[in-house]
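Assemble chain B with the ligands onto chain A, guided by the hints.
Listed here are the chains, written in short residue letters.
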Amino acid sequence: MSEQAKKPAKKKVALDPRFVDYRHVWVVVESERGEVHPVSWELLGEGRKLADALGVELCGVVICGPGERGRGICGEAFQYGADKCYLVQDEVLRDYRNDPYTKALTDLVNRYQPEVLMLGATTLGRDLAGSVATTLGTGLVADCTELVIDIETRNLAATRPTFGGSLLCTIMTQRHRPQMATVRPRVMAMPEASAGRQGEIVEVLFSMIETSIVTKVLEFIPDDTRDKPNLPFADIIVAGGRGLRSQENFQHVWDLARVLGAEVGASRPVVQAGWAELDRQVGQSGKTVRPKLYIAAGISGAIQHRVGMDGADVIVAINSDPNAPIFDFAHYGIVGNATAILPALTEAFKAHLAQAKKTG
Amino acid sequence: MHSVVCIKQVPDSAQIRVHPVTNTIMRQGVPAIVNPYDLFALEEALRLKDQFGGTVTVVCMGPPMAEAALRKCLSFGADDAILVSDRAFAGSDTLATSYALSATIRKIMEDMPVDLIFTGKQTIDGDTAQVGPGIAKRLGYQLLTYVSRIVDLDVANKEIQVERRAEGGVQLIKTSTPCLITMLEGTNEMRFGDLDDLFRAARHELKVWDREAAGIDAVEMIGLKGSPTVVSKVFAPRPRSKRAEMIEVRDSEPKNLAVTLLAKLFTQHPKLEQEIAKRAV
Ligand SMILES: Cc1cc2nc3c(=O)[nH]c(=O)nc-3n(C[C@H](O)[C@H](O)[C@H](O)COP(=O)(O)OP(=O)(O)OC[C@H]3O[C@@H](n4cnc5c(N)ncnc54)[C@H](O)[C@@H]3O)c2cc1C
Ligand SMILES: Cc1cc2nc3c(=O)[nH]c(=O)nc-3n(C[C@H](O)[C@H](O)[C@H](O)COP(=O)(O)OP(=O)(O)OC[C@H]3O[C@@H](n4cnc5c(N)ncnc54)[C@H](O)[C@@H]3O)c2cc1C
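Protein sequence lines, in the order shown, are assigned to chains A and B. Going by this note's numbering, the first residue of the first sequence is number 247, and it counts up by one from there. Going by this note's numbering, the first residue of the second sequence is number 465, and it counts up by one from there.
In isolation and in its complexed conformation, chain A is listed as follows:
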C-alpha cells in the first residue's frame, strides 16, 4: 500500500494546499483491559474501502496500558485490514480517561496528519471524538450509516439518519482536516479476518505524568453479563411488539425463542410497559442488530424500530394488519393474529428440528 500511496491520484485535483500533508485513513481501535470492542473491526472493514478509494494506507490507533496486549491488538488489526498501527502504551492510559486519551490522540493526529479519522459511537468513542474534534477545531459527523469518498475533492461524504431515520442527510467537512466520523456498533458489516496478514507497528512514546491528571478512576465494576442479553451479536432474534397486547401473550415470543436458541427482542412500547428489559429494545434509542433471522410479531415497523433491525439477513413479520409498514421491508409476511401464529411456529420448528435430528 505504501508505494501506491505515494503515487499521485489519477485525477488532477486542486487540493487545498493546507491539506496536502494530510493523508491516510485512521481508525481508533478501542480496547479496554485488552479486550477490543468489535465496532473497531467493523470500522476497519469500512476504512479499508475508503483507504483504497483514496489510494492511501489504512492505519489503526491502539491506545492502552502496558501489558494490555498492545502488540497483539495491532496484529489483529492487520488481519482486519490495517496496513499500519500506531501504538501508544503508557501507565496513565490503563483505564479510559478523557484527558490523557484526548492528548494521546490529538498529539498523534498533529504529528502524523491523517485525512480521515473514525471512531466507534460507543461511550468511549463519543467522549473521545467530541473532545478531540473540539481540540483540533475540526468537523465531526456523528452516527454515520454510510461513508463515501468524493475522489475529486478527497472529501468524506458522511451520511447519517436525522429525525429518527425518517430522512437521511449527507454531511461533509470541506475546509478542515482531518475529517472525523463516528459509527454505531453493528451498523457496518463485520469484515472477514485474513490470517497471516501483516503490517507495520509504529510505537509512539507518550509523556504525561499521573500527578498532572486530575481525574482518577477509583474502581471499575464490570457488568454482570451472565444473564444479560447480547442482542447486537445474536444470530437469531424473535421480537415482539405492542400487538401482543399483554405480558402473558409476550410469553409466546419467549417460547419460540427457546426452541430456536434465539434472543428475545422488543419494540419500545413493550419495554415501556415493562414486558421486557431495556437491554432488549431494538431501534433508534435501543440496540442495532444484524441477525441472520429476525422474526417480528405484532410490531408495526415504525422507522425508529426499522433503523435498528434493517440489517438483518431475513426478516419475517407477523401482523394482523395487511397494511402494516413492516411488510414494506420484511422478506416474509404473515397476516394474522400473532398470539395464535407464534405457538404454531414454535410447534412447527420443534417438529422440524426433531425430524431433522432423527434423519441426521
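Derived EDC-like pairs (lysine to aspartate or glutamate); straight-line CA-CA distance at most 20 Å:
| no. | chain 1 | residue 1 | chain 2 | residue 2 |
| --- | --- | --- | --- | --- |
| 1 | B | Lys638 | A | Glu337 |
| 2 | B | Lys706 | A | Asp574 |
| 3 | B | Lys513 | B | Asp660 |
| 4 | A | Lys596 | B | Glu737 |
| 5 | B | Lys728 | B | Glu712 |
Bear in mind the hints are in silico, worked out from the structure with no lab data behind them.
Quick look at chain B with the ligands alone, frame taken from chain A:
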C-alpha cells in the same frame, strides 16, 4: 453551589412527519419541547441544590420561541434562565454551538463562579452527543460523560465522585470541580414543580443575550462560518426494492401458515436451517 444546566428546545419528534413529496420536515403544528434527555440533567442539578443550597441557572441557545423551554425549566425549580439568541448563531454545528455556549458560561462566571455544568446525554434532533464534550474542552473543565449517579460531592474541597457508564462496566471516578457532567437518561425522575415555581416561572424576567452580550467578538467562530461540517444533501431513505413475500394458505389455519413459512424459509435459505439446528435445544 452554582450549577449551570444547558438545555435545548427540540421538536417533539414523536409528532414529526416528513412531507411525502418534498422530503422536508413538516414542522407546522409540531410542538416544541425541552429535549427530554436534558430533564435528567436539570433534575440532578435541582437535587444538589436541595442538598447543598445554591443556584441553578438554565441556559439555552436558540430562537426567541425557545423562551418557552426555559420557562418550563423555571417552573420545575430553576432559579435563573438565559436565552442566547442571535441570527448570527444560525447554522451552527456542534463546534460552533459549544463555542457559543462556553462563551456564555464564561460570561455567567463573571457574575457568579460556576461549580458544575450539566448537559443531557444527547438531543433527540441533532442527536450527536458532541456539545457536552465540546464545552468542557473549551473551558478546560474535567469531562464526565454518561454519569449514572453522583456518589459524593464535597463542595468545600471541590471534590466529586461519580459513577460513569463505560463499555462493559461502570467506572467509579473521582475528580475536582468545576467539571462538566452529561447525565445518563433514566437516572432520576423529574419532579413536579410546585405552584410557587409555576407562578414565578411565568413572571420571571428571563435574560436574553445576543452575541455581544454573550461576550462573543469572534463572529467567524459561530454560525455557518464557525461550523466545519456542511450539510450537502437531505433525502429520503431508499425503500427496499420488494415488498414482503406473503405467506398465504386458503384456510389460514395458524398451523398451516407456520408449516408453509418454514418450508419457504428453509428452501430459500438452506444455511438458516443449519444455523437453527446448530443452536436449538
Ligand atoms: C425519539 C424516538 C425514539 C424511538 N425509539 C424507538 C426504538 O428504539 N425502538 C422502537 O421499537 N420504537 C422506538 N420509538 C417508537 C416508535 O416510533 C413506535 O412507536 C414503536 O416502534 C411502535 O411499537 P410497536 O410496533 O410495538 O407498536 P404499534 O405501533 O402500536 O404496533 C402494533 C402492531 O401490532 C399489530 N397487531 C395488533 N394486534 C395484533 C395481533 N393480535 N397479532 C399481530 N399483530 C397485531 C398492529 O397492526 C400494529 O401494526 C421511538 C420513538 C421516538 C419518538
Ligand atoms: C439532522 C441534523 C444532523 C446534524 N448532524 C451534525 C453532525 O453530525 N455534526 C455536527 O457537528 N453537527 C450536526 N448537526 C448540528 C447540531 O445538531 C447543532 O449544532 C446543535 O445545535 C447541537 O447539537 P446536538 O443537537 O447534536 O446536541 P448534542 O451534542 O446531542 O447535545 C448534548 C447536550 O448539549 C446541550 N445542548 C445542545 N445544544 C444546545 C443548545 N442549543 N442550547 C443549550 N444546550 C444545548 C444539551 O444539554 C444537550 O443534551 C446536525 C443537526 C441536525 C438537525
